[in-house]
Amino acid sequence: MKKDLNLQSDLEFAYRKLKSFIYHESFSLDLRMEISTFEQSKVDSKIKELQKNIEKYISDESCEELLKDIGYSVFPKRMSKKSTDNFTSFYFSNSNLQESYTTTKITPFIKCPVEIHILSVLWIMKIGYKLDEKLSVNCFGNRLFRSSNGKFDNSKIHLFQKYYQKYNKWRDEAVKKSKELHSQKYDVAILNLDIKEYYNSINFDFCSIENFVDEEYKWLNNLIAKIHKSYIEILNKDEILLVKNKLLPIGLLSSSVIANHILAEFDKAIESKIKPQYYGRYVDDILIVIANPQIDKNDKDPVKNFIKKYLINQSCWGENVSVKEKDEGKEYEILLKNDTLIFQDEKIKLYHILANESIEILNRFESEIIKNSSEFRFQPEAEQIFESFNADSYEIVYSDTVNKIRSIDGIKTNKLGASKHLRKLISATQNTKKLDSKSLDDISQKILDYFSGIRSIELNLLWEKVVTFFVINKAEKSLIEFIKAQSSVIDKIIVSENHIKGNKEKIKDSIQKTLRNHLHFSIAMSSTLDRKFFKDKIIKQFSKDLTNNDIESYLEKISNTAQKLLESNMFRQHYSFFPLLSYCKQHDDFSYTDQFIKDDTSFSIDKQKIKYSPRFIHYHELIYFHYLKRWNSGDLDKVFNVEKIALENYIEFNTLDDDKGYSKGYPNLNSIVKDKNIKSITISKNSNIDNLKIAIANIVVKEDNSINSMLNKPNLSFERLNQLNIILNEALRNNCDVIIFPEICIPYQWISILTSFARKNEIAVIAGVEHFTRKNKVYNFMLTALPFKFDVYNNLFIDFRLKKDYSPSEIKEIIGRNEFKLPTKNEMQYEKLRLYQWRGLLFSTFNCFELCDIEKRSKFRGNVDFLVAIEHNRDIEYFSNIVESISRDIHTYIIQVNTSQYGDSRINQPSESYTKDIVKIKGGENVSILTAKIDIKKLREFQTYNYILQDTRKMFKATPPNFIINQYRKKY
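Residue 87 in UniProt numbering sits at position 87 of the sequence shown, and the numbers go up by one each step.
It is worth saying that the hints were derived from the structure and are not from the lab. Remember, predicted model here, so these are calculated numbers, not experimental data. One or more of the hints may lead you astray.
[Unchecked claim] Capping the alpha-carbon separation at 27 Å, the derived lysine-lysine pairs in BS3-like fashion look like this: (1) Lys412 / Lys105; (2) Lys237 / Lys508; (3) Lys535 / Lys438; (4) Lys415 / Lys105; (5) Lys446 / Lys433; (6) Lys433 / Lys126; (7) Lys938 / Lys954; (8) Lys52 / Lys166; (9) Lys218 / Lys196.
[What the hints assert, rightly or not] Per label pair, the in silico range of CB-to-CB distance: (10) Ile815 / Gln445: 47 to 57 Å; (11) Lys540 / Gly71: 31 to 41 Å; (12) Leu949 / Glu925: 42 to 52 Å; (13) Asn794 / Ile312: 40 to 50 Å.
Cβ coordinates follow ideal geometry from the N, Cα and C atoms, glycine included.
With the sequences and hints as input, model every part of the structure.
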């Protein structure tokens, strides 16, 4: 019985790992849909049914039930354009639409029930991880995720390490080593090899890994072998690929581990026999760096001679690994114990970098990498979004200088550029009000022109992003046109007679079916974000245009698929406007792109959705979720320990082991000061920060915006969002530690933008949230978002503090409207001032009129390294006097941030008149930031001196009488 329970638990974890992996992939849409359908029946019952089938197989090796539904899908890998080989002169045409579209290369994927994918992951958990352990550190692709102790953890949902991090390291290490050798005056050779049809060239024998298989899991190894055999048989039977026994099923996760294992001996042989300065392999892509290579640059064929010298003529390869020339050097064979792998001469690249000449090619390459990588850190700005889609999505190929027309050799598709640009378009427009019709029509037409004909087939992986853009912007006409265009293109696909062997008709049918399904899934994925829009606009319009029962059935099927995706939480949750609402049971017409929290929004967490969550739930998401829940109830006059609630949920929802110290390492309440009116929060105690770099946002805050927000009509214009993004990007470029915005500056709809930016870039954000209304009460909150690390992971603490003292003009504006009222007296009294301990620093925040209360600000004397005051305030002379008084009386740095039209934003310190303002600013038409550093160490050190030393050092004005520095600040 215990063994049965272990198997059930293992299968559950295998399913969770599978689900998480597929959720984070962008290309496995068909399997994502299979998982969504799998969860229509209760997962637990499906797992038990799978367990019974396994037990039956263990007892009598009967596996028909498991193998009966194995099949395949076929994607086109390469498409043929019209040939110009017969022309003696150069001919170029921008024609993209053709009568038919010819496939010249295909990639088959295994199509099988989710149960088989679960078994594949279970094989990794029980057997495959041992193969991965034996791999060289120079094998980068498809490496299993391991915890900090280096062990593969079956209890976590992570399966593989993040592919882009490993890929970047594989590539960057080669460039870094080459540049290092060049700087040491070595000639350098960089050899790049690519194995031909790698997954379709492997003849893997599962018996060869028996020494890695425990006795209790031999059944599992045998069963995966039978799955491979069954898949190969169906491919051969239908003449899709004539591969005999040579094939690893693409799409089965265990194949990724096996593919690495196959080349493990080759990796070791390269490292131990050839001993290059750098060796790295990413699946079947190989990089070798050699210092002072023996290459004659005048050689007629330096590449072939290099291969012969360094790879073929190695007498020390050993009996299990060798490399041989084939077909007079047109191909080369890697001979392994059970496999023969090919790399082609035409795909070999050899870079010869001479020590006494420029290394600019590597410098340029490295610069481009850094540029592309940094793009993901920055917020999208206007000129990057609407004006450059074509520039990002195409590349002109030149044979000579760009100044000559005859230098143009053609134009090619920039898939990465198109993908990044669509991401920027979606990110920008999902957070703003609907684009004006002219702008939307213009960008939509560019997208439709780009995704047409043969180019659209080649870029089918981007279809989902296109549909998502149209759904978010409610561009129903463009979406319908896109669906029709892709359907027409798919119908015109044919298979090359010369390039593809096998049953052409079955291959063509499979390609068309696969792409139709892919289009279906792309539409379904995007429609999850706003099902009401899709039903009301797309289905009705399609039904009107095409009175075809098949079309109506097709669209209804899409709607049903979308529902399954929502129920399983396998849709793109990062497009949801507010966090974790998909973990609650929302009504059928709920829109995840809605920029308002409606009264009928559910905040009741579904435990089953949590149990099989496809992703890690972040700490700051839970905090924000609980604040939203509280605001929506309109009941803020009860004790609310969000830090405790969020941490308990965080540990429970992510099935974490609290023995690792989460309770101590995550934000918690403490007693830094003994005052019942102050809430002390420790985010992270330790830090080596001596100087804190502050960014003050110089931005116009229009009072009308906050009034409109109070009336539930916030200004979410793209122009306004662009201003916010400019400020965030400038702070990032200037390596700031903290960004501070004025009071009532940020619509609550954009809080997720700030929190995502803060966590990702480890920059603190302090900002005033625009007035918003709940249960007719108008709230003014200040947001404080403080990043911290636990282990190696980025986290974020967020805190919303209700303004305790509304200004007279603010009260007048609110109660002057019959339907609105102020927060209750209990809510105001309940809310406490804050003292944050962050990165070892202590600071507090004040919201405008609160600063006028001498009793409140006096509480922080000796207790803070700096004090932040955000304002929307005309009376700058009065507040200027308060600020200067605070800096002397409390003896601290004070950072005042006001709207730019009133000004007096500054960083003030308790020093002589001519040095007291570190920075000060007012006005200006353009949004900008002002940056400066405050020296925390110097201030703390000065405050520990007596008056004799203070008078001698004179870095600051003397501390006021009876000044006592807080014990937490003495450790400077």
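Against the structure, the hints:
A distance of roughly 19 Å separates the Cα atoms of Lys412 and Lys105; the hinted pair therefore holds under the 27 Å criterion. Note on Lys237 and Lys508: the hinted pairing holds, with a Cα-Cα distance of about 16 Å set against a maximum of 27 Å. With a C-alpha separation of about 25 Å, the suggested pair Lys535 and Lys438 falls inside the 27 Å cut-off, and the hint holds. In summary, the hint linking Lys415 to Lys105 is supported, as the alpha carbons are separated by about 19 Å, within the 27 Å threshold.
A hinted pair counts as satisfied when its Cα atoms are at most 27 Å apart, and Lys446 with Lys433 qualifies at roughly 21 Å. For the suggested pair Lys433 and Lys126, the alpha carbons sit about 51 Å apart, so the restraint of at most 27 Å is broken. With a CA separation close to 11 Å, the supplied pair Lys938 and Lys954 stays within the 27 Å bound. For the proposed pair Lys52 and Lys166, the alpha carbon gap of about 38 Å is over 27 Å, so the pair is violated.
Distance check on the hinted pair: Lys218 and Lys196 sit about 32 Å apart at the alpha-carbon level, beyond 27 Å; violated. Between Ile815 and Gln445 the beta carbon distance is about 50 Å. The supplied range of 47 to 57 Å therefore holds. Judged by the Cβ atoms, the range 31 to 41 Å given for Lys540 and Gly71 holds: they are separated by roughly 35 Å. In this structure, Leu949 and Glu925 meet the distance hint of 42 to 52 Å, their C-beta atoms being roughly 47 Å apart.
Between Asn794 and Ile312 the beta carbons are some 48 Å apart, a value that agrees with the proposed interval 40 to 50 Å.
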